[in-house]
Amino acid sequence: MIRYIGQRLLQGAFVLWAAYTVSFLILYLLPGDAVSIMASGDEQNAVDPALVEKLRAEYGLDRPLYEQYFVALFKAFQLDFGLSIKNGVPATQTVAEVLPETIKLAVAGFAVAVLLGSALAVVAAFSRNRWIRQTFSSLPPLGIAVPTFWIGLLLLQFFSFRLRLFPAIGNDGGQSLVLPALTLAIPTSAVIAQLLTRSLRQTLGEPYIEQIRAKGASEALINFGHALRNAAIPTLTMLGILVGNLLAGAVVSETVFSRAGIGRLTVTAVNSRDIPVVQTLVVLAAAIFVITSLIVDLIYPLVDPRINTARGAKV
Amino acid sequence: MSSHAEPLLKVENLRVDYVVDGSSRNAVAGVSFEVRAGEVVAIVGESGSGKTTTAHSIINLLPGNARVSSGSVTFDGTDLTQLTRKEWQGVRGKDIGLIPQDPTASLDPLQRVGEQVAEALTIHRLQPKKAARQSAVRLLEESGIRDAPSRARQFPHQFSGGMRQRVLIATALAAQPKLVIADEPTSALDVTVQRQILDNIATLTAERGTAVLLITHDLGVAADRADRIIVMRGGEIVEEGSATAVLGDPQHSYTQQLIAAAPGLSPRRLRPSLSVQNPRTATGGDVVHVFPLVEAKSLRKVFGLPRTAGGARSLTAVDDVSLDIRRGETLALVGESGSGKSTVARLLLRLDKPTSGSVTFDGVDLASAKGERLRQLRRRFQVVFQSPYASLDPRFSVEDIIAEPLRAFAEGTPAEQKSRVKALLEEVHLPVDYGTRRPAELSGGQRQRIAIARALALKPELVVLDEAVSALDVSVQAQILTLLAELQVQESLSYLFISHDLAVVQQISDRVAVMQAGKMVELGEATAVLENPAEDYTRQLITAIPGRVPIAG
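For the record, the sequence lines run as chains A and B.
Going by our numbering, the first sequence opens with residue 1, and the numbers climb by one from there.
Going by our numbering, the second sequence opens with residue 1001, and the numbers climb by one from there.
Don't read these hints as lab results, they were simulated from the structure.
In this text, all values refer to a predicted model and were calculated from it rather than measured experimentally.
Just so you know, even glycine gets a beta-carbon here, dropped at the ideal spot from N, CA and C.
Take the hints with a grain of salt, since some may be wrong.
Said to hold, decoys possible - Negatives, chain B to chain A, calculated, CB over 12 Å:
| id | residue |
| --- | --- |
| 1 | ALA1131 |
| 2 | SER1135 |
| 3 | GLN1196 |
| 4 | GLY1234 |
| 5 | THR1244 |
| 6 | GLY1248 |
| 7 | GLN1256 |
| 8 | SER1387 |
| 9 | GLY1412 |
| 10 | TYR1434 |
What the hints assert, rightly or not - Per the computed footprint, the stretches of chain B lying under chain A, defined by three or more beta-carbons under 8 Å from a beta-carbon of chain A, are:
| id | segment |
| --- | --- |
| 11 | 1091-1104 |
| 12 | 1107-1120 |
This is chain A alone, in the form it adopts within the complex:
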């Protein structure tokens, strides 16, 4: 088991390195660097080219690519991604400052998504009324198709401006978390609902379900005592990817509601070509993916006795 976790962590380290390197190359290939963007004011107060060169030398931007890369990589190993070009504080600190806000948002959003998605799937798969089943199973595709920012804007319009129930922007307290979390939760819950509904329907057709019915079990025992657990397993596999979706959703949600957080930080950092901050964010996102998929794989054998993660095989 320990050996398995060790192997997985090594793989994770490789993923982090690859994410760092790829993002480094992409940012390098983009036209213009941080200094030239800072310097590109309007015509009237054009910056002295000599000063620009001096700044570039200070940030090491005049060196050849490989040298810049190895210097940066070596520092990155020590969790030093450099100083934010925008405000001069360490990039890691800039990210760490807003990270708790995004964690709050993501946890709230994810919890709502799981509850809402499961509830939708349960109704869509278990209801005895055909009309209800059909209506509820057509909701998830709708939730996936509608753009997140539009959901955010609708919620904003209705609950903040019309009903004045929740604040429209900002990060103060639980009140301000409700609408962004909902915006984040709706598309994610739609994915969960769709996967779980399909999986539940398939499970209900399995011979063992008929066998449980032949024992005289009530529909409630069949549905909630047997089918739901079995159907949850394929959905669990998707959990790692869904957490990634949450990060992408956070970018939109935080922008629409003007919340501080790593989503909005990503947007501003990319726009101002703040390479140290962008790289910190990329490595952070990769780390989140690595850790969630490891957690999912470790949870798996607890849920499904047929799977032994360390052996990586179905027995």
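We have chain A already, so just place chain B on it with the hints.
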């Protein structure tokens, strides 16, 4: 029990229809029969005869598109067709138990086995949870599960197919129902296990005085087990009576056909066997072939196992097996699942490489053959697999399936390939216009004919038949075996016939090789091995053939 008493189960004029694509199709057309308390009644018929639909309508577990359009089912004085959903829950499991068809898929994979048995008691509030768990262990013990207290805490995947069926028998009998419906309880199992399972059902139900409604396609099984036999065909009962009457003096021609098709009931050979001294090539007056077509010497195959705590690192699937296949003969390779017979076939076909040992085909060493040379050798040995459902590409037409090997070896022009396909369809006795159909439109037997036609397309010398008739109904099985015997003479083929079913083997093979746990335990002339087995294990396999008892007695 007096004959005047009310029967336990009375089915009257039962009619069931399926709605398929908006139109209604009749599956059971007015069936009436009775089962008395403690009696064992078998319903026998081919797939599509409506036997399973009849059984499932008794316990109201029909698929969503099935409708009981008329008739009544009276159980213990109650009309079951009038029950509400809630009332049904009190009947199922408690009054009527069900032993299902496929034990491997009929247990909840996430629930401990003991819990699943206990559930049959707790659902009906017959026992509190703790007591039910203890009863479950006792029930598992009675069903023949050794070391039941610790086995009860295991999960279904840790049980073999036969063991799972024992768990399901324990479950079905837990609440002491008056009637148990056993729906093809052994058709997914090996013959030796089959016998143990049927014995187990018989003993347990006899002890408890439980009536059994046994659904089976195998008249041999019915003959062994039932007091009365009901023969169904096309949704109707064609014959009904005591087991001795139906078997000894069948009235309906269909029953007579079924008796003829059941290998255990009518032992016979489909063609004269070749003797060692007198191979077919010699009888024709030709040169006697000194070398066998295939020769395998001390084959060994070891598979590495995934790392487990304290478990074995490797599994020896085939251990020092030597055999030869002579030209024009049928060599049967017999054994239970897991005995290594399919692995031997894979080694002979060069689908796998042996860990040690050698295989020569017509004097050529297969292990050293590579690339184009191996590819050219491959056309000389072909294979037909067990499941005609899985071995045909559902998106191909029958014509494309049969022509595929011809295209792979660029045999002839497209027009020549087309006429070859037609000839092959005729050889396997299928109408030529079947060429445009797709596998889904064909029955299991027809599909297996297609698979045989495909194997013959390149005019091979050896055909490996890997459990090629095991998935088929008994009567279809007989047709395919006859076809194989006919083709063998026509095309002068050698067969390696792999099977777990000695009843089938005795009909077609010249020599029999018996495998157990990777080793060859016996190899000899078919008649010698089957009539006078040298090994205990072979004897066990022979006694397991269903339907043998009435013949002997």
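Status of each hint after checking the structure:
1. ALA1131: 17 Å, holds
2. SER1135: 14 Å, holds
3. GLN1196: 21 Å, holds
4. GLY1234: B:GLY1234 is indeed farther than 12 Å from all Cβ atoms of chain A, at 25 Å.
5. THR1244: 32 Å, holds
6. GLY1248: 35 Å, holds
7. GLN1256: 34 Å, holds
8. SER1387: With a cut-off of 12 Å, B:SER1387 remains clear of chain A, as the shortest Cβ separation is near 17 Å.
9. GLY1412: Holds, because the least Cβ-Cβ distance between B:GLY1412 and chain A comes to about 45 Å, which exceeds 12 Å.
10. TYR1434: 31 Å, holds
11. 1091-1104: As far as the segment 1091-1104 of chain B goes, the hint holds, because 9 residues have Cβ atoms under 8 Å from chain A.
12. 1107-1120: holds (count 7)
Hint check: no violations occur; every hint is consistent with the structure.
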